[in-house]
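*Asks:* The lines below spell out each chain.
4 protein chains.
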Amino acid sequence: MTVNHFAELTIQVPFYDLDPMSIVWHGNYVKYFEKVRCKLLSQINYDYCEMRDSGYIWPIIDMRLKYINSATFGQELRCVATLSEYENRLKINYEIFCKKTQKRMTKGYTIQVAVNIKSQEMQLVSPDVLLRKLGVKNEQG
Amino acid sequence: MTVNHFAELTIQVPFYDLDPMSIVWHGNYVKYFEKVRCKLLSQINYDYCEMRDSGYIWPIIDMRLKYINSATFGQELRCVATLSEYENRLKINYEIFCKKTQKRMTKGYTIQVAVNIKSQEMQLVSPDVLLRKLGVKNEQG
Amino acid sequence: MTVNHFAELTIQVPFYDLDPMSIVWHGNYVKYFEKVRCKLLSQINYDYCEMRDSGYIWPIIDMRLKYINSATFGQELRCVATLSEYENRLKINYEIFCKKTQKRMTKGYTIQVAVNIKSQEMQLVSPDVLLRKLGVKNEQG
Amino acid sequence: MTVNHFAELTIQVPFYDLDPMSIVWHGNYVKYFEKVRCKLLSQINYDYCEMRDSGYIWPIIDMRLKYINSATFGQELRCVATLSEYENRLKINYEIFCKKTQKRMTKGYTIQVAVNIKSQEMQLVSPDVLLRKLGVKNEQG
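Residue numbers (this note's numbering), protein chains in the order written: chain A, 74 to 214; chain B, 74 to 214; chain C, 74 to 214; chain D, 74 to 214.
Each hint should be verified, as a subset may be incorrect.
A pair holds if it fits inside one copy or across any two, identical chains being indistinguishable in the list.
[Unchecked claim] As a list, the in silico DSS-like pairs of lysine-lysine whose alpha-carbon atoms are at most 30 Å apart: (1) K139 <-> K112; (2) K176 <-> K191; (3) K112 <-> K164; (4) K206 <-> K176; (5) K210 <-> K176; (6) K210 <-> K173.
The set of hints was computed from the structure by calculation and includes no laboratory data. Model, not experiment: these values are computed from the prediction.
For reference, chain A alone in the conformation it holds in the complex (with noise of 0.2 Å):
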C-alpha cells in the first residue's frame, strides 16, 4: 500500500532570525523545519495534542540538516515536509527552497519514536494510531 504525504508553507525570514552575518542562524531552521512538520501532522489529524491524546509522545531522536545556500532578510521561503519512514519510527525529510528563485536552500530530516507515556517505554513499532491516521490500517485493523 502506498502511504505519499507531503506538506509545505511558506516562510518569510523575520528580522529576529538573522545573525551578525545577515543571514538566517543555522539553529533557527530547526524551526522551519517544526512548523513544516506540524502542519503535515495536522493533515492526517495527529498533532501533538492528538499524539497525547493517544496516549503516545514522539520524541525526535535524531535530526540532520544540510546548509547549502543562506537565506536573507524578508525571502520568502518554501518549507516541504515529507513522510519517508512510518513502521517502526517517524522519518520526515524536509527540503527548503527561495521561493522566487526555486533554488534549494537546506534540506535534512528528523526521526521520531512513540514513547507510551504511561509506561514511558519506547516503542519499537509505531502504534496502530499511526498506521490509521495514516490510512494503512483501518478502524479493525
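Knowing the structure of chain A, use the given hints to seat chains B, C and D on it.
*Replies:* Here is chains B, C and D on its own, set in the frame of chain A:
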C-alpha cells in the same frame, strides 16, 4: 519588617543572541531577566517547580525593558534582580551592567501575580506561601 | 496633517513558542511585536534595509508588554501595530487578539530613536527621511 | 603531528528552553553546541571576530544531533566539543552529559567550511590561518 532580596549572575553574550548589527537582539534581554529572576526565586526556595507544588503559577502580567547601551559578542554582563513588591503581586527590578566598565546596559521590571492552579483564579493578595518563603510570615502565620 | 498608519497580520502559535504550561512563553511576544512592526515599516517603504541605506539605525530604547490572556498551540492571533509618535522618536503600539473570539491577549509598545550610522549620534528629532516616508513632509521639505 | 583540541563547559537548563513536556526543546541543543564550539574556537584564538579579521567566515554546512535522554529545568549539563577534522573542513563532535549522573544526553557534530569574504568562494582546503591557530603549521609554513 524589612525584606531585602536580590540575586546576581554573569552572562557572557553568546553568538546566537546577536542581530545583524552584531549586538544583542533586544528581545533576548527577556531571557537574561528570567535567568536572574530564577536565581532569586531559587534562593528563597520558590522556583518554578516549588511554585507549582504550592498550588500556584505566577504568570508575568507586565514587563518593561529600557535599553541604554548595546552589548556585543563575548561581553560579560552582570545581571542583578531585586525584589521590589510582594504583598499583592511579585515585582522584580532588573539592572544589567557591563562587568568590565560597570556601565549600565539595560534595566526593567517584571510583575507577576499568583494564579490558583485548581480554581484558575488570579489572587489579589499574595498567598501565604510566598510570605513564608520571604520570611515575612512564620510557619504559623 | 493626519498620519494614520497601522498594520496587521495573523500568527498561528508554533509549538516551539510554548512553555511548560503549554502556553506561549512571555518573551516570545517580542517576536510577534517585531513581525507586525516590520510589516508596518515595510508598508511605508522604511524596513530594516531601507533604514540602513538612509544612514540611520533605529534601535529600540523602551518596550513594554502587558499580558492579559495566554495563548496556546495552534491558536490564531491577530496582531495589530499602530503608529503613535514619530516627530522625535518612533512609538508603535501593539495589540494582539484571539482571531476567533476577538479576546485581547496582549498589548504593549516599543519606542525607537534614530542613530546616525556615521556619527553614532542619537537624534533628538526624527530625521526628514522618516517624515517623507510617512507623507508628512514632501520631497522638498 | 597530533592535534588534540577539546573544550568543555557546564550549562544549567534555563526555564525558557523548556517545551510543554517540561524538557529541553530539541532545537535548543543547537545553542548548547554553539556555546561549547565557541569556547573551543576561542581557546585556539580563532573566535568569530578573529575569523572575520582573517578574511574568512566559516558557515556550518552540515549538522547532526542525536537525542538519547531528555534534560529538565535546572539540570546541569556538561557539554564537550572535540575537534575531529581540520584539513579540508572543520568538523567538531559534541557530547552532552548529565553532570550529576554522567548519563549521556545528546551527541552530534557540525561541519564548517571556510568561505573567503572577498571572493565569496568556498575553500576546498582549510586556509593556512586555521592550521597555524591549531599549531600544525608554523608561522613560516
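*Asks:* Please go over all the hints and tell whether each is borne out by the structure.
*Replies:* For each hint, the structure was consulted:
Within a single copy, K139 and K112 get their C-alpha atoms as close as 21 Å, and across copies as close as 23 Å, so both meet the 30 Å cut-off. For the homomeric pair K176 and K191, the shortest alpha-carbon distance between copies (23 Å) is at most 30 Å, but the shortest distance inside one copy (45 Å) is not. For the homomeric pair K112 and K164, the shortest alpha-carbon distance inside one copy (15 Å) is at most 30 Å, but the shortest distance between copies (33 Å) is not. In this homomeric assembly, K206 and K176 never come within 30 Å of each other (Cα to Cα): the closest approach is 33 Å inside a single copy and 33 Å across copies.
For a Cα distance limit of 30 Å, the shortest separation of K210 from K176 qualifies neither inside one copy, at 38 Å, nor across copies, at 38 Å. Within a single copy, K210 and K173 get their C-alpha atoms no closer than 39 Å, and across copies no closer than 35 Å, so neither meets the 30 Å cut-off.
The earlier numbered hints that this structure contradicts are 4, 5 and 6.
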